[in-house]
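The hints should help you fit chains B and C onto chain A, whose structure is shown.
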Amino acid sequence: MKAARKLSPLHRYAAYPYVVWAAAFVVAPLLFVLYYAFTDRSGSVSLTNFSRMFNGDTLKVFAISLAFAFIATLICLFIAYPLAYAIVKTKKKTQNMLIMMFMLPMWMNFVLRTYALSFLLEDKGLLNRFFDTVGVGHVRLIYTSGAVIFGMVYNFLPYMLLPIYSVMAKMDKSLIEASEDLGCNKFRTLINVIFPLSLPGVVSGITMVFVPSVSTFYISQQLGPTDFVLIGDVIESEIKTTGGVYNYGSAISFVLMLLIFACIAVMNKFSDEESEGGVIV
Amino acid sequence: MAKRVFSFIAMAALMSALCFSLLSCGREEVNFEPTSETASIDYTPYAGVTINVYNWGEYISDGSEGSVDINKAFTKLTGISVNYTNFTDNEDMYSKLKSGGMSYDIIIPSDYMVERLIKEGMVQKLDFANIPNYKHIDDSYKDLYFDPENEYSVPYNVGMIGLIYNTDLLSYTPDSWEALRDPNYSNQILMFNNPRDAFAIAQIALGIDVNTENPEEWEEAQDWLKRQKAYVKAYVMDEVFNKMESGSAAMAPYYAGDFLSMYQNNEDLAFVYPKEGTNIFVDSICIPASSKHKSAAELYINFLLDPNVALENAETICYASPNKEVVSNPRYEEFLAELHPDAKAILYPSFNEIYPDKDADDYFFHNLSPASLDKLSALWSELKITSVEDSGSLTIYILAAVAVAALLAVVIFIKIRKEKRNA
Amino acid sequence: MKITGKVYMGVIFTLLYAPILVIMVFSFNSSNSMAVMNGVSLRWYKELFTNEKAIDALVNSLILAVTSAVISTVIGTAAAVGIYHIKNKRVKSAVMSVTNIPMMNPDIVTGVSIMLLFAFVATLFGLGIFGFFTLLVAHITFNLPYVILCVMPKLKQMDKNLPEAALDLGCTPLQAFFKVEFFELIPGIATGLLMAFTLSLDDFVISYFVAGESFQTLPIYIYAMTKRRVLPDMNALFTVIFAVIFILLLARNFMTKDIVPKKAKEV
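Chains as they are written, first to last, in numbering that gives the first Met the number 0: chain A, 0 to 280; chain B, 0 to 422; chain C, 0 to 266.
By construction, these hints were calculated from the structure, which means they are not laboratory data. Backbone N, C-alpha and C fix where the C-beta goes; we use that ideal spot for every residue, glycine too.
Pairs of lysine to aspartate or glutamate, EDC-like flavour, derived with a Cα cap of 20 Å:
1) B/Lys75 to C/Asp55
2) B/Lys118 to B/Asp91
3) B/Lys293 to B/Glu119
4) B/Lys134 to B/Glu150
5) B/Lys97 to B/Glu119
6) B/Lys225 to A/Asp56
7) C/Lys226 to B/Glu64
8) C/Lys155 to C/Glu180
9) C/Lys226 to B/Glu90
10) A/Lys123 to B/Glu266
11) B/Lys75 to C/Glu51
12) B/Lys71 to C/Glu51
13) B/Lys383 to B/Glu90
14) B/Lys228 to A/Asp56
15) B/Lys374 to B/Glu216
16) C/Lys52 to B/Glu64
17) B/Lys291 to B/Glu119
18) B/Lys383 to A/Asp56
19) A/Lys239 to B/Glu381
20) B/Lys274 to B/Glu177
21) B/Lys374 to A/Asp56
22) C/Lys1 to A/Glu179
23) C/Lys45 to B/Glu64
24) B/Lys383 to A/Asp226
25) B/Lys293 to B/Asp126
26) B/Lys343 to B/Glu266
27) B/Lys357 to B/Asp208
28) C/Lys226 to B/Asp61
29) C/Lys45 to B/Asp61
30) C/Lys1 to A/Glu176
31) C/Lys86 to C/Asp158
32) B/Lys374 to A/Asp39
33) B/Lys225 to B/Asp373
Taking beta-carbon pairs under 8 Å as the criterion, some of the chain C residues facing chain B (in silico):
34) Ser32
35) Ala118
36) Phe129
37) Glu212
38) Ser213
39) Ala223
40) Lys226
Here chain A stands alone, though its shape is the one from the complex (with noise of 0.2 Å):
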């Protein structure tokens, strides 16, 4: 039948100029972040990073960083889900236009949107002013940990948005018919047939938002209280801060990257299907 047939050169070294690339440019580098977590500053291989990581703080703010970032996950879950289905539930035409529309704050500058919301949080800014007038009296929005959360949801919240709304747009409209014809009403479809054929679109929201939340240092320099670190803050300190000595800040960096390619692993567990990217495109 279909015999073996040769690969075209073409064929067969078509992915050679990107393996080359990857090999020099994602591993080599994971191997330099290996080589100096494992160092310490003279040179010699070591593990007092490690010692120092876990005798310190810095465990606090691996946890801190975790605790937030599940908090705002959750929460821009919350409030992605019930969106994506109002959004699916509307006409074809006016889906593609609203969902442009709520992407629309995700092409924009992560930097700039952070700082305004910096603006519309602070002491002297627009929504104390607005609660100056209707006479709730002044309330401290800027530099605390629920302006993190904030800045962190009003970030991501399209990431979460976009691949559940994907899943639900291409979901099979008749099964969701089969369903209500057996008679379950609205929600219980949406228990029952909905929310686990969305799954996919979950996890992968769930991913998108999680990682870049625990990694990110510019929220919390720009909205958090003043003992407020996240593991984002510790290792670019740590890396740019001290003339050169990057050791720590590899073991941190280490350290991070194992702990979320666990969490992904364990998400993993919920998502039946390989990722293909179809999720993405």
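Just chains B and C now, kept in the frame of chain A:
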């Protein structure tokens, strides 16, 4: 498909055309000429060279709001392009310089940092034949302690740190650094976001030498700062401008020249030199050892020292200038008088008049020993992470996260059980 | 039920756009206050357009985005084709895992790792190498997985008989590729190109670590500005960027609308 791509490209082209046309009508030429002496130097050997200048933020007249763009004027005169970037504090600059990723031609560190750079061989000796305008520098700013033979640096700006406060928000007139720990103004106080300046305030408030080598004294200062942290709204450097001008904060320690800049935008602000003393600083221009364009850099220094240029600079950034021609210029006198009733006293105070029983020499920063530098760095990092008492909410968050994790674990468990049943 | 849906959408929409609208309104403020509107003027737009650093940063960002998008699309498409045809399952999944790494890794780890590589190279050669080149390399590196992931599905959906038919009809393998396979892949390539362009334009964290001082991209410029005294020309910049993106997205929306009915008519 092709049509789609084509329309997209057409749209993008239209956008860019619009942008560029708007750009060209926005350019205005500001009239400015340096003195004839500076202008008469032959710059032709250096045309086309680009120098990298690394300076503090808000520290040069850069063309914003109608001021003269000094870098642009320099390029216009000499043909040397300037790649101008900012650092936020001395330690930041030192890290960048040390890591070697970038070759700078001009840096403008503070006194103690110049001392350190000289000691570590990171700056070059200057060829003063290329800097004839050096003669305009006031003698009292030459041969200072950090560069005793004045071979490596040229003074750029001088000043002292003081306490800026908003008379509208503050119910009293502060006169002590302890005001920065006033619980009544909790969350309306800003603080320096760099280790040396922050610790200095604590040390001066406690009466400790700002250049102490005693680790216990450093820890005492850190303790002062830790107890202050609960009242601090944010640790800032140049962000202080917006915050004080908009009234978001009631007090901040900062540099005298910057206060006058802020005063131009908000006349409710006032300035005081607290009674315990204050840091005096001299920021100087140096050329790093790794610079590849030494002569071009020296010409830049010469340009900055030109009386007309220095005058424009002094009037824009409002710092005290070590340039004789600036201080004696009647136009500058007028400018100071209009700027603020006490401008002259703020910028050019006599240290001994304000602090008759203190020795000015004690209030300059000196470079510290490596052991103390490490100690300071460690204490500063620790201070930044220190929790403020109000971490109750944090515990709640962590508990919430743990609960969520537990929930997740349960769901996973159920799912795995379901899969086992189906298999 | 429907009304709740609409109300909900409206609320979220308002919350999402409130900061943006505020900034846009205040960009027309005649004073530099961010809380009180003192009057309307175009003062900050003029200031923005004379701000050479901002314009430079914008142009730099665009150049970088276009270059990295094009290069990563070329390498990525070739990669997708090559990977798709790998026979050995182990090798294939290994390569796909490596591809997934930059996507799964937080930006900060990717940025730090690439920076470490370059810092090491810099110490070997004693160069000041951080600049356009390092940025380009970093951007291509994080764009590649997305391009591959956009093109792969199209490869999988493609009818395998077509290229074989082309070969049977006498095309050389190269011709077969370009006339048949490539054509099928174009939608995926276009999406990949657009995605790479967008990611590159908006990237802040990775650029922050690998950039040098000579080549500043827009996000880094804005970051540096927020550390200093901020003039409201930032608001003007924000508004301009928003307007451009809005118009581009609108245009794209209308163009898609055109094509769909046309195709329906043809069939």
